[in-house]
Amino acid sequence: MSISHALASGMGGIRTTGDLVARMQLRKKMRLPQAKQYVADKLKIGLDDLADSTVMRTLREELDIGVITAVPGARKGIAAKRNIAELLDVEVPCLRRL
Amino acid sequence: MSTIRTRMGDGYVVELTPDELRADLQAGCADAVKRGKVPPLEEAEFDWLYELFAYKGRIVGVEPGHEVILTKDGSVNTLYSAQLSSGVGLPLSREQCMRVFERAFCFDTMEVGHPDYSYKPVKPIVALEAVGVEQALLTTIFPVFYGAMPNFGLYAQPDGPFPNPADLLPRGQIEEARAAQMEMAAACKADMLYVARHMAAVGADGINFDTTASAGDAEFLATLETVEELAATTDLAIEVGMAAEFVLGFHGELAYKGTRLAGLWPHQQVKVVEQAGAHLFGPVVNTNSRRSTPWNVARAVTLVKECSRVAEIPIHANVGMGVGGVPMFEVPPPDVLTRCSAAMVEIGRVDGL
Chain C
19 MSISHALASG MGGIRTTGDL VARMQLRKKM RLPQAKQYVA DKLKIGLDDL
69 ADSTVMRTLR EELDIGVITA VPGARKGIAA KRNIAELLDV EVPCLRRL
Chain A
205 MSTIRTRMGD GYVVELTPDE LRADLQAGCA DAVKRGKVPP LEEAEFDWLY
255 ELFAYKGRIV GVEPGHEVIL TKDGSVNTLY SAQLSSGVGL PLSREQCMRV
305 FERAFCFDTM EVGHPDYSYK PVKPIVALEA VGVEQALLTT IFPVFYGAMP
355 NFGLYAQPDG PFPNPADLLP RGQIEEARAA QMEMAAACKA DMLYVARHMA
405 AVGADGINFD TTASAGDAEF LATLETVEEL AATTDLAIEV GMAAEFVLGF
455 HGELAYKGTR LAGLWPHQQV KVVEQAGAHL FGPVVNTNSR RSTPWNVARA
505 VTLVKECSRV AEIPIHANVG MGVGGVPMFE VPPPDVLTRC SAAMVEIGRV
555 DGL
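Residue numbers (the working numbering), protein chains in the order written: chain C, 19 to 116; chain A, 205 to 557.
Just so you know, these hints were derived from the structure itself, not from any lab. Being a predicted model, the structure only gives us computed values, none of them experimental. From the three backbone atoms N, C-alpha and C, an ideal C-beta is built for every residue, glycine too. Certain hints may be false.
Claimed, not checked - Quick list of the computed label-pair ranges, beta carbon to beta carbon:
1) A:V335 x C:L105: 54 to 62 Å
2) A:T207 x C:E109: 48 to 56 Å
3) A:Q300 x C:E80: 23 to 31 Å
4) A:V514 x C:I21: 28 to 36 Å
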């Protein structure tokens, strides 16, 4: 069931920008259009690129904010989230523990 | 005459004529309008829903650019747990399951939860749960919630310490039943706060209260008061997911900031949840298993559309088994499940699922 929803309607998580848009909903209570625009502006991309895995696979590696494939040397886990926090100018609570 | 293959609310296949499909869509919407006192769908929306169900392809989706954010109640129990959580019993740890949801299923967020997915049983083992959240936060990139249910019934005898309102009410002991519910509410709130504060301390991105108001207005009140306190004292993102479309007045005389809780529908529930300070709201519309999926979907999106319209916080509609138009069956079929998904986004105008 989860996979069906992910394929039908989901943004795609770290494959694209789903985790980033989600953070704007969680931290700032942004409705979806506002959250998408915020992330698009921060990444300097168009709204159509937000859920485009072809665009985002390369961009996420350039920005070092975590990529979907297991690339040696690319930031993962909490290290990637540190870059995400800086990029989006948003708090990621677990970073306070570092 | 060619027929349209779809399903009933119990998951079994049914063939509808085009006229029957249109009639079911109209009737489902009309039922929502009557019960919820919300506006009906527009003609163009009925046409869209008709095309959705008439399309012969098995799998459908939203238009590119209309994708939404996924949150999930029940945590990763669907992978490693048993039938009690519709789980498939994989020999995987919770940490492994979190990574599967992030990288194989490409979810946008996920939550850590206990197999016994309620706040009361979690309280004595909160250290284990908090460590689970900590370790997930270290190794994953997407936002991590901790989730559980208030599950009010656990506080009443024989499972809990307080007299059971379900026993008192049939005996006409109304005041005793109300008093018991208030004691249950205080205990439930204390447990939820205790667990949530531990999750805030380890840096969780959020906390999820799933199936809120399953036992009616007293449980809803306990959750709202918990949300209010957490919103004021922690930096947790707070998600409130409902149990049903309508808040049962099991107590009947409870209010939150002047709004009576009994009888609230999704577009009304969201306003008190917003007042309490939550970040996400998950409305529920219950599936009628004796009606077709088109009937159920039209009804669900009519109610949720109004909820989305009035909301000031993101709306993540529930589209699991038996809710949001999805058939009430252990293994919801993807042909109608993807239709429920797309309809909730394109017509329901939700911010997530």
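Should the hint that Q300 of chain A and E80 of chain C are 23 to 31 Å apart at their CB atoms be regarded as holding?
-> Given range 23 to 31 Å: holds, Cβ gap about 29 Å.
Is the gap between the beta carbons of V335 of chain A and L105 of chain C within 54 to 62 Å?
-> Given a distance of about 29 Å, which is not inside 54 to 62 Å, the answer is violated.
Distance restraint evaluation - V514 of chain A, I21 of chain C, Cβ atoms, bounds 28 to 36 Å = With Cβ atoms ~32 Å apart, the hint holds.
Check the following: the C-beta atoms of T207 of chain A and E109 of chain C are separated by a distance inside 48 to 56 Å.
-> About 54 Å separates the Cβ atoms of T207 of chain A and E109 of chain C, which means 48 to 56 Å holds.
Checked against the numbered hints above, the structure breaks only hint 1 and satisfies the rest.
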